[in-house]
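K.L.:
Sequence:
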Amino acid sequence: MLLCTVLGVACDASTQSVFLTAEDYRFSPTLVRRSSGRPITLTVSNAGREVHEFASPLLAHARDLSADGRSPGKAAPAVVTLEPGRFVRFMVEAPVGTYLYWCRRKGHHNMSGTLIIE
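Start counting the sequence shown at 107; every next residue gets the next number (the working numbering).
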């Protein structure tokens, strides 16, 4: 099973960070809260053995997308596929709200979490 761990650590006064690690078919913890008015750097990594997807309305607010430290030079997709051992990082400037994220892979339907921007 693949476990997704979401740990948040503020980088500095201008940005906030959220780290999401996929492993064991779940996101843990399943709830993250951040303040509005400051950008969020979101890093999603796959530490497991299975391919995962990161789907979320947050991707509509993404910029500066990079995969494994390399910028693909295009806008963020609607869904990000993560091979084992890979990661994606992007900046999010989303309005106040509740944003779900989940893995769309077959059999991973319970793999989800929530980011609340207050």
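Hints in this document: simulated from the structure, not taken from any laboratory.
Beta carbons are placed, not taken as given, at the ideal position from N, Cα and C, and that holds for glycine.
Do not rely on the hints blindly, as some may be mistaken.
Across the chosen pairs, the derived CB separations fall in these ranges [to be verified]: (1) 142 / 189: 13 to 23 angstroms; (2) 215 / 191: 32 to 42 angstroms; (3) 143 / 213: 13 to 23 angstroms; (4) 215 / 144: 12 to 22 angstroms; (5) 144 / 166: 26 to 36 angstroms; (6) 143 / 189: 26 to 36 angstroms; (7) 202 / 157: 30 to 40 angstroms; (8) 120 / 172: 30 to 40 angstroms; (9) 121 / 204: 30 to 40 angstroms; (10) 166 / 143: 30 to 40 angstroms.
K.L.:
The structure should be examined with respect to each hint, and the outcome stated for every one.
P.N.:
Evaluation of the provided hints:
At roughly 33 angstroms, the beta-carbon separation of residue 142 and residue 189 lies outside the given 13 to 23 angstroms, and the hint is violated. Distance hint check for residue 215 and residue 191: the Cβ-Cβ separation is about 24 angstroms, which falls outside the suggested range of 32 to 42 angstroms. About 38 angstroms separates the C-beta atoms of residue 143 and residue 213, a value inconsistent with the hinted range of 13 to 23 angstroms. Take residue 215 and residue 144: their Cβ atoms lie about 32 angstroms apart, and the range 12 to 22 angstroms is violated.
One distance hint, 26 to 36 angstroms for the beta-carbon pair residue 144 and residue 166, is violated here, with the actual separation near 18 angstroms. Range check, residue 143 to residue 189: Cβ separation about 34 angstroms, and the 26 to 36 angstroms hint holds. At roughly 33 angstroms, the beta-carbon separation of residue 202 and residue 157 lies within the given 30 to 40 angstroms, and the hint holds. For the pair residue 120 and residue 172, the supplied restraint of 30 to 40 angstroms is violated, since their beta-carbon distance comes to about 19 angstroms.
For residue 121 paired with residue 204, a C-beta distance near 21 angstroms fails the hint of 30 to 40 angstroms. Between residue 166 and residue 143 the CB atoms are about 19 angstroms apart, so this pair departs from the stated range of 30 to 40 angstroms.
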